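Reading the sequence shown from the start, the letters are residues 1 to 493 in full-length UniProt numbering.
Among the hints, erroneous ones may be present.
Okay, derived cross-link-like pairs now, DMTMM-like style, lysine to aspartate or glutamate, Cα gap no bigger than 20 Å in a straight line [what the hints assert, rightly or not]:
1. Lys-35 x Asp-59
2. Lys-71 x Asp-59
3. Lys-453 x Glu-249
4. Lys-105 x Asp-119
5. Lys-396 x Glu-271
FYI, nobody ran anything at the bench for these hints, they're computed from the structure. Given the structure is predicted, the values throughout are model-derived calculations rather than measurements.
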Amino acid sequence: MSRQRGASRPGPDDRNLSHDVRVWAIRTTEGKKRKTYSVRWIVGGQEQHDTFATFALADAFRAKLIGYQQKGAAFDLATGLPEPMLRELNAQSWFSHVLAYTSMKWENSSPNSRKSMADTLATVTPALVRQDRNPPPTAELRLAVWSWLARPPARSAGGPPPEVRDALRWLERNSIALADLEDRTTGPELVRAALNALARKTTGGKAMPNTVARRRAVFFNSLGYAVELGRLATNPIDTVAWRSAKAVETVDRRVVVNPDQAERLLAAVGEQGEMGARLVAFFALIYYAATRPAEAIGLDERGLSRLPASGWGELLLSRSVPRSGVAWSNTGRSREVRGLKHRAEADIRPVPAHPRLVAHLHRHVDRYGFAPDGRLLHGPRGGQINESSYLPVWSKARAAVFSPAELASPLARRPYDLRHAAVSTWLNAGVPATQVAEWAGQSVEVLLRVYAKCIAGQAEQALGRIEQATGLTGPEADVFLRSNDRQEPETGA
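Can you make the complete structure from the sequences, with help from the hints?
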């Protein structure tokens, strides 16, 4: 089997080259299961090596190196490869495609989209390498992609850090050619191996269906870009019959709390010390206004301009502050101010403020005021609230309010479940789906699909219409409904 083509050098285009090259003899290593054969050579005083499964492969590669050396070709210091060989390989390897794809996507992607892209590429790349070589541990390959290869700003800052340099060099030499993905013999096997890798956790277990769906979408998009560049004729994923577990799109009605449970939870939050008292308004916004946590964190004084002293008010949501991490943002901060999800940058989403929410917000402002930049929610020193602050408080509030059985159940396990409860309450109150979708910041189609199991009474109404159509009356009409009610699990909806 011939040596697979490598990829472009990780780093600036102006490579460091040298004609000071020495090629050593092949070294044979006796392993536990088989022998391996290493080609070693020195470029500019730096030792390079590449390991092969057979002597013939190693000898052929060594002969290429010597051939280029005799022709007077310059060798690249980073990879150790002759410049003509490296130039030939640059435009067609998976490694070089990752460089091109991430550079194209980075600028117009949100921080969390960048993070998701890096996760996918770090997960799939170890599956798109030569399998007859001796690769570094998968964890090292993942780290090399995650921390450097998939981050254009890190690449622009200079060469890779020492802890990933060897893994990157190995990936560059051993990543597959893009053409291998559409080869009739090797393509389906490679694509299936890549998809299987995306379906696994780093620990080896099965990844969640939603995670698999997200990763597959990124991988598909990356190969679509290769088609766009003319490096592939078609997207090779389309040629493989591969399915993962179906992604979960509907809300589990067991997570939904009822209004009494919600108010008891809010009261318990307020009893969790100074931080808990500061967070009551945060959780109240999620429950009564169906805000996403990042939208609640982004709410400022301008968004509260339509609050009366009591009664119904209106919130003006204009921004979201999602947390992605310092490495993925443009500002160097873990949270970055962005427009509302699924909205144009300057869009505003009006949301009704329930009288109880109005009361919670007034109490919060009276006690804590606004941060210097106008933010409603802030810590004791004016900083932003984060998961490390509100998740422990939420966990303690659940423990204070729920019975042992409820505590062990999915009921309001995450703060985000309060948003599910808000939307479910609106729908079950008879608010038209179009209006609920507008308030919640979702499309009607997504709303009805996601919350289909949380809308109570639909089956009863449907059976009632069938009764009328078929002339069914009397006690027998209630038999099915009574039986169905007995089998319905208890929920907080």
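Given the hint that Lys-71 pairs with Asp-59, test it: the Cα-Cα distance must not exceed 20 Å.
Between Lys-71 and Asp-59 the Cα gap is close to 18 Å, so the pair holds against 20 Å.
Is Lys-105 within 20 Å of Asp-119, Cα to Cα?
Holds, at roughly 14 Å.
Given hint Glu-271 paired with Lys-396 - CA-CA distance at most 20 Å:
Within the cut-off at roughly 10 Å; holds.
Given the proposed pairing of Lys-35 with Asp-59, does the C-alpha separation stay at or below 20 Å?
14 Å, holds
Hint check: Lys-453 vs Glu-249, CA-CA at most 20 Å. Holds or violated?
Between Lys-453 and Glu-249 the Cα gap is close to 11 Å, so the pair holds against 20 Å.
Checked against the numbered hints given earlier, this structure breaks none of them.
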